[in-house]
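J.: In case you want the letters, here they are:
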Amino acid sequence: MRRTLLKAAVAVALGSASAFAGLAPAQAQDAPVRIGYAIARTGPWAAGAQITQEPNYIMWAEQVNAAGGLNVKGKKRKVELIGLDDRSEAETMVRTYEKLMGSDKVDLILPPWGTGANFAVMPLIQKFGYPMVAPTATGRKLLGMKNPYFFAILQQPDLMMDALGEFLKARNVKTAAVIHVDELFGLEQAAALEKSFKEKGIRIIEKKSYPLGVKDLKPVLNDIKAKNPDAFVALSYPPDTFLVTAQAREIAFNPKAFYASVGTAFPVYRDKMGPAIEGVMGLGTLNPKSSPAAKAYFDAHMARHKKEPDRWASAHAWAALQVMQQAVAKVGLDRKALRDAIAGGEFDTVIGKVRFRNGENATTPGVVSQWQGREFEVVWPPDRATAPALHPKPAWK
Amino acid sequence: MTLRELLGAIAAGALALAALPWLASDFLLSLALTCLMYIGLAVTWAMFSGATNYLSLATSAFFGIGAYVTAWGFGSLPYALVVPLGGLAAAAFAALVGAGILHLRGAYFAVLTFGLGELVRHAITYSEKTYAHTVGRVLQDAPESSVVYWTVLLVAAAAVAACAAVRASRLGLALAGIGADEERAQTLGVDTRAAKITAFAIAAFFAGALGAAVAVRWTYIEPASVFNPFIGFQTVLIAMIGGAQTLAGPMISAVVFSLLTELLRLQFPYAYLIVLGVLLIVLVLYLPGGLASLVGRWRRVRA
Amino acid sequence: MGFWLELAASGLITGGIYAVVALGLNLQYGLMRIMNISHGEFLMLGAYLTWLAHTVFGINPVAFLPVVAIVLFLTGLAVYRLCFRRITRTSPSVEIIEARSLLVGFGLMYLVQNAAYMTWGADLRGYSFLADAVEIGGARFAGNSLLAFGFAVAASLALLAVLRWTMLGKAIRAMMQSPTGAQLVGIDTAFLHPAVFGAGLALAGVAGALLSMVYEITPGMGEPYTVTALIVITLGGLGSAAGCLAGGMLLGLVEAFGMHFTSPSLKMLLSYAVFIAVLLARPKGLFAR
Chain A
1 MRRTLLKAAV
11 AVALGSASAF
21 AGLAPAQAQD
31 APVRIGYAIA
41 RTGPWAAGAQ
51 ITQEPNYIMW
61 AEQVNAAGGL
71 NVKGKKRKVE
81 LIGLDDRSEA
91 ETMVRTYEKL
101 MGSDKVDLIL
111 PPWGTGANFA
121 VMPLIQKFGY
131 PMVAPTATGR
141 KLLGMKNPYF
151 FAILQQPDLM
161 MDALGEFLKA
171 RNVKTAAVIH
181 VDELFGLEQA
191 AALEKSFKEK
201 GIRIIEKKSY
211 PLGVKDLKPV
221 LNDIKAKNPD
231 AFVALSYPPD
241 TFLVTAQARE
251 IAFNPKAFYA
261 SVGTAFPVYR
271 DKMGPAIEGV
281 MGLGTLNPKS
291 SPAAKAYFDA
301 HMARHKKEPD
311 RWASAHAWAA
321 LQVMQQAVAK
331 VGLDRKALRD
341 AIAGGEFDTV
351 IGKVRFRNGE
361 NATTPGVVSQ
371 WQGREFEVVW
381 PPDRATAPAL
391 HPKPAWK
Chain B
398 MTLRELLGAI
408 AAGALALAAL
418 PWLASDFLLS
428 LALTCLMYIG
438 LAVTWAMFSG
448 ATNYLSLATS
458 AFFGIGAYVT
468 AWGFGSLPYA
478 LVVPLGGLAA
488 AAFAALVGAG
498 ILHLRGAYFA
508 VLTFGLGELV
518 RHAITYSEKT
528 YAHTVGRVLQ
538 DAPESSVVYW
548 TVLLVAAAAV
558 AACAAVRASR
568 LGLALAGIGA
578 DEERAQTLGV
588 DTRAAKITAF
598 AIAAFFAGAL
608 GAAVAVRWTY
618 IEPASVFNPF
628 IGFQTVLIAM
638 IGGAQTLAGP
648 MISAVVFSLL
658 TELLRLQFPY
668 AYLIVLGVLL
678 IVLVLYLPGG
688 LASLVGRWRR
698 VRA
Chain C
701 MGFWLELAAS
711 GLITGGIYAV
721 VALGLNLQYG
731 LMRIMNISHG
741 EFLMLGAYLT
751 WLAHTVFGIN
761 PVAFLPVVAI
771 VLFLTGLAVY
781 RLCFRRITRT
791 SPSVEIIEAR
801 SLLVGFGLMY
811 LVQNAAYMTW
821 GADLRGYSFL
831 ADAVEIGGAR
841 FAGNSLLAFG
851 FAVAASLALL
861 AVLRWTMLGK
871 AIRAMMQSPT
881 GAQLVGIDTA
891 FLHPAVFGAG
901 LALAGVAGAL
911 LSMVYEITPG
921 MGEPYTVTAL
931 IVITLGGLGS
941 AAGCLAGGML
951 LGLVEAFGMH
961 FTSPSLKMLL
971 SYAVFIAVLL
981 ARPKGLFAR
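Protein chains in written order, with our numbering: chain A, 1 to 397; chain B, 398 to 700; chain C, 701 to 989.
Bound conformation, chain A alone (with noise of 0.2 Å):
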């Protein structure tokens, strides 16, 4: 027993010493590259990041390499990505990142999932020069940061919410009622909302908070309903997109426009809900319809993973990756050359033209979707609609 257990312990600081040794920077010219990133496979932050994040990484590795391989100005060598789950925690995230960039020194960094986890790697990716295209974080206080490295190409939330505001202002709605989760996420999209409808003349007659994690929003809902607004708005994160959807469904609640928001662009959203979601609306970009670029897209995410990405911010996941893939291919891996490249540069990608100002996506406008059918069509700005609005919603069914 001894002599075992001194076996294993011996095992364990072999393997130890090897593992945390990290490997070697490439030397060769051939070899690989290096790409890292911390995400969440495990935990709270895990379905927001499997559905919507690392599934476009492996598939973007992979394309790549079965395509002879990563274009650095003009030679072309095979990606390696190191992916390692940061346990849905700040701490475990940050040491994560501090190997790969400090310690393992891989030639570039993929973001980590959600907005707390990007506020918490900005000032490594300041201190070792890292670009990073982030697909999952929004918010001012974020932008405010003025982080060279950092590049936001998801729509921040005045642009959403605008978009919201002009779409409902077309169908002459003039009364609202919101709910937002107590967030910094629901915080921001709330106080852009209300600028926003100020400005279109929607009156918001209703506005409630409620923390994350509630298992009942029945209440609120019912006194909502009483008062009868022209459109219902609700801030939400996907448990509660799910429940109001859920419950509003059950009292019958139906005003002429309902929206929701993160989850409503999830394919689940229409496996849970069935077909009670016809006419709901929420925060999304795009659909297969919405380019050939596209429908190419959610075709190879479904051959790869099995499964659908979602509407909203896989597709900017996926443009993310298209974004550095065209960097490096313009000045290789000099990671101070590549963020001036990606900061002054305009790609190509999955959601159209993408250009940065003062780190944040400058092309992409803010976009209403809504379920019609199985499809969460597009319907605002009409430049990008792949489907006429239902306006009124229909009732519930």
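Among the hints, erroneous ones may be present.
[Said to hold, decoys possible] Each computed SDA-like pair below joins lysine to any residue, with the alpha-carbon atoms no more than 20 Å apart:
no.	chain 1	residue 1	chain 2	residue 2
1	A	Lys207	B	Tyr528
2	B	Lys526	C	Leu970
3	A	Lys307	C	His754
4	A	Lys215	C	Gly850
5	C	Lys984	B	Arg502
6	A	Lys127	B	His530
7	A	Lys225	C	Ser963
8	A	Lys127	B	Gln537
9	A	Lys215	C	Ala709
10	A	Lys225	C	Glu835
11	A	Lys307	C	Val756
12	A	Lys225	C	His754
13	A	Lys141	B	Gly470
14	A	Lys141	B	Trp469
15	A	Lys306	C	His754
16	A	Lys207	B	Ala421
17	B	Lys526	A	Asn222
18	A	Lys307	C	Met818
19	A	Lys330	A	Gly68
20	A	Lys306	C	Val756
21	A	Lys215	C	His960
22	A	Lys208	C	Leu970
23	A	Lys215	C	Ser963
24	A	Lys195	B	Thr527
25	A	Lys207	A	Asn222
26	A	Lys141	B	Ala539
27	A	Lys195	B	Gln537
28	A	Lys307	C	Thr755
29	A	Lys105	B	Leu428
30	C	Lys870	C	Ala855
31	A	Lys397	C	Ser963
32	A	Lys227	C	Gly838
33	A	Lys225	C	Ala709
34	A	Lys208	C	His960
35	A	Lys146	B	Gly472
[To be verified] Taking CB as the label site, the calculated pair distances span:
no.	chain 1	residue 1	chain 2	residue 2	range
36	A	Pro148	B	Ser473	22 to 28 Å
37	A	Asn228	B	Ala668	52 to 58 Å
38	B	Ala415	A	Arg140	39 to 45 Å
39	A	Ala337	B	Ala421	27 to 33 Å
40	B	Glu580	C	Ser878	17 to 23 Å
I should point out that these hints are in silico values taken from the structure, not numbers from a laboratory. Don't be surprised by glycine CBs; every beta carbon is placed ideally from N, CA and C.
Following the hints, put chains B and C in place on chain A, whose structure we already have.
T.: What follows is chains B and C alone, placed relative to chain A:
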């Protein structure tokens, strides 16, 4: 070992570890930081809960309070002041609620202390939202990682020293008496209430200071991430695996557990928690005395 | 139905869901002092089995409930045999059983949760079932939450009756009070222990199956439910079937009325405040024995 020798050993160990920022890579340094954080949390948890058998899940509440003091104070106050303030805030909170809840026992106490963490978390969320119109705070210009490391090292070393001192003191005897039989301790003239509250507050001080010290690494501080119940659970787990009645057990366990988890995470990025789970179960079933008992066994075998 | 009645009903139904979540843990912890912190993970297993059966094989989730119960009962026997039997046999006192089972529970939690992540991925999953509203006296309730509520009430009453009036119940209670004494009077603890533990897991599994009809599911869903369960059973009084039901209902009512009178933002704060206040007033829960 006498208390003086022990304190000397702790100081020597801390001094030796203080050299790490010049020797180790960024990653090893932050790994060491995690080990130290859990050493500090686990020894102080064991000092109170291990001795008295009051299973407290309030560690994440204390840790979060400390972190939130950083969120509020950092930027206007120096880091060196924010850390002890975080500890004091947590200790004050512990003394206040401890007076009210330390008569509960067993699972009732455990679940209630967990509820406290959630209560504070929601209270902060609500007041931040209502009065500050935000939920999280952004920390700019965080200190260098070596400075954070030294701070955590200092707090952890002070925590270990404090626990050693408590164990050797009348307070330590009183706590052990409470753990063995609270009523008997009372009849023997121990002021059990004062002893419990004092120890609870000391443990809270170190957890709060650690929270305040570590939080600067996360740039963005919000209630949901700093009042992470996982931190409290992990502390309990580490202390109990190590042997919560001992001083060395939780320390060894904090290092072993942190390194092992990290090693498994890096080696098996998908299945490491399965391995960890199995190891944990086997360890509890076949090593009921905790890791500390291994040391004892080793000594007996050699003797 | 009047507005107040509807509000109360809504709170009771949510409370019923809380009670369902807590039933299994109440058996294991309340009666056996096995602190099974992986309770929520087995609940998650029940949810995934039902989801799988429904979406892949098209089986009606309600008809599948007995299967979930049996599968989890057998899992419970196996888990007990592999993990908890040694603990209950070798631990010198109840406190040590509690502490060591807590640690093993952590191990099981990691193990089961991670196995689910690897098998099904971290994605949210869900299916639509009995989501249509049922109208009762003018108020509308989703069929699936009514089902969960009904099960909570029925199962609690059944447990109450079994524990109070049957020989089996007497044997179980005797075993809890004094394991050795029970053995002396001829109670087969070698059979009863694993059976009660298995029944706890079976109840967790059924709760998961019911929840999968109402909410979306993920492999990480268990932990918050474990916490809910712990709160409900301590609120009600450990091991008390009536307390478990009452504890769940009380929380549901506090939330519904709290949300109406104050603001939904305060709702979590209120629930914890009520929980803490109750325990301060009654340190052994509402239905302390």
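J.: Take the hints in turn and mark each one as holding or not.
T.: Here's how the hints hold up against the structure:
Restraint check for A:Lys207 and B:Tyr528: the C-alpha separation of about 16 Å stays at or below 20 Å, so the hint holds. At most 20 Å may separate the alpha-carbon atoms for a hinted pair to count; B:Lys526 and C:Leu970 meet this at roughly 16 Å. For the hint pairing A:Lys307 with C:His754, the CA-to-CA distance comes to about 18 Å; that is within 20 Å, so the pair holds. For the hint pairing A:Lys215 with C:Gly850, the CA-to-CA distance comes to about 18 Å; that is within 20 Å, so the pair holds.
For the given pair, C:Lys984 sits about 9 Å from B:Arg502 by alpha-carbon distance, which is consistent with the 20 Å threshold. Between A:Lys127 and B:His530 the alpha-carbon distance is near 31 Å, which puts this suggested pair outside the 20 Å criterion. Between the alpha carbons of A:Lys225 and C:Ser963 the distance comes to roughly 16 Å, so the proposed pair stays at or under 20 Å and holds. Taking the CA atoms of A:Lys127 and B:Gln537, the gap is about 13 Å. The hint holds against a cut of 20 Å.
Annotation: proposed proximity of A:Lys215 to C:Ala709 holds, straight-line Cα distance about 15 Å (limit 20 Å). Proximity of A:Lys225 to C:Glu835 is assessed by CA-CA distance (about 17 Å); at most 20 Å being required, the pair is judged to hold. Annotation: proposed proximity of A:Lys307 to C:Val756 holds, straight-line Cα distance about 15 Å (limit 20 Å). At roughly 33 Å between alpha-carbon atoms, A:Lys225 and C:His754 are farther apart than 20 Å, so this suggested pair is violated.
A hinted pair counts as satisfied when its Cα atoms are at most 20 Å apart, and A:Lys141 with B:Gly470 qualifies at roughly 18 Å. With a CA separation close to 16 Å, the supplied pair A:Lys141 and B:Trp469 stays within the 20 Å bound. Taken as a hint, the A:Lys306 and C:His754 pair is honoured in the structure, with Cα atoms around 19 Å apart against an allowance of 20 Å. Note on A:Lys207 and B:Ala421: the hinted pairing is violated, with a Cα-Cα distance of about 52 Å set against a maximum of 20 Å.
As the CA atoms of B:Lys526 and A:Asn222 are separated by approximately 24 Å, the hinted pair breaks the 20 Å bound. Distance check on the hinted pair: A:Lys307 and C:Met818 sit about 16 Å apart at the alpha-carbon level, within 20 Å; holds. Taking the CA atoms of A:Lys330 and A:Gly68, the gap is about 17 Å. The hint holds against a cut of 20 Å. As the CA atoms of A:Lys306 and C:Val756 are separated by approximately 14 Å, the hinted pair is consistent with the 20 Å bound.
With a C-alpha separation of about 15 Å, the suggested pair A:Lys215 and C:His960 falls inside the 20 Å cut-off, and the hint holds. A distance of roughly 17 Å separates the Cα atoms of A:Lys208 and C:Leu970; the hinted pair therefore holds under the 20 Å criterion. Proposed proximity of A:Lys215 and C:Ser963 is supported: the alpha carbons are some 15 Å apart, at most 20 Å. Between A:Lys195 and B:Thr527, the direct Cα distance comes to roughly 19 Å. Compliance with the 20 Å bound is thereby established for this hinted pair.
As the CA atoms of A:Lys207 and A:Asn222 are separated by approximately 14 Å, the hinted pair is consistent with the 20 Å bound. The straight-line distance between the Cα atoms of A:Lys141 and B:Ala539 is roughly 16 Å, inside the 20 Å bound, and the hint therefore holds. In summary, the hint linking A:Lys195 to B:Gln537 is not supported, as the alpha carbons are separated by about 28 Å, beyond the 20 Å threshold. A distance of roughly 14 Å separates the Cα atoms of A:Lys307 and C:Thr755; the hinted pair therefore holds under the 20 Å criterion.
Straight-line distance between C-alpha atoms of A:Lys105 and B:Leu428 comes to about 17 Å, which keeps the hinted pair within the 20 Å bound. For the suggested pair C:Lys870 and C:Ala855, the alpha carbons sit about 18 Å apart, so the restraint of at most 20 Å is met. The suggested pairing of A:Lys397 with C:Ser963 is violated, with an alpha-carbon distance near 30 Å, which exceeds 20 Å. The hinted pair formed by A:Lys227 and C:Gly838 meets the criterion: a straight-line CA distance of about 18 Å does not exceed 20 Å.
At roughly 18 Å between alpha-carbon atoms, A:Lys225 and C:Ala709 fall within 20 Å of each other, so this suggested pair holds. Only pairs whose Cα atoms come within 20 Å are accepted, and A:Lys208 paired with C:His960 is accepted, the gap being roughly 11 Å. Among the hinted pairs, A:Lys146 with B:Gly472 is consistent with the structure: their alpha-carbon atoms are about 18 Å apart, no more than 20 Å. About 26 Å separates the C-beta atoms of A:Pro148 and B:Ser473, a value consistent with the hinted range of 22 to 28 Å.
The hint said 52 to 58 Å for the Cβ distance between A:Asn228 and B:Ala668, and at roughly 53 Å that hint holds. Taking the beta carbon of each, B:Ala415 and A:Arg140 are about 40 Å apart, inside 39 to 45 Å as hinted. About 31 Å separates the C-beta atoms of A:Ala337 and B:Ala421, a value consistent with the hinted range of 27 to 33 Å. Take B:Glu580 and C:Ser878: their Cβ atoms lie about 21 Å apart, and the range 17 to 23 Å holds.
Hint compliance for this structure: hints 6, 12, 16, 17, 27 and 31 are not met, and every other hint is.
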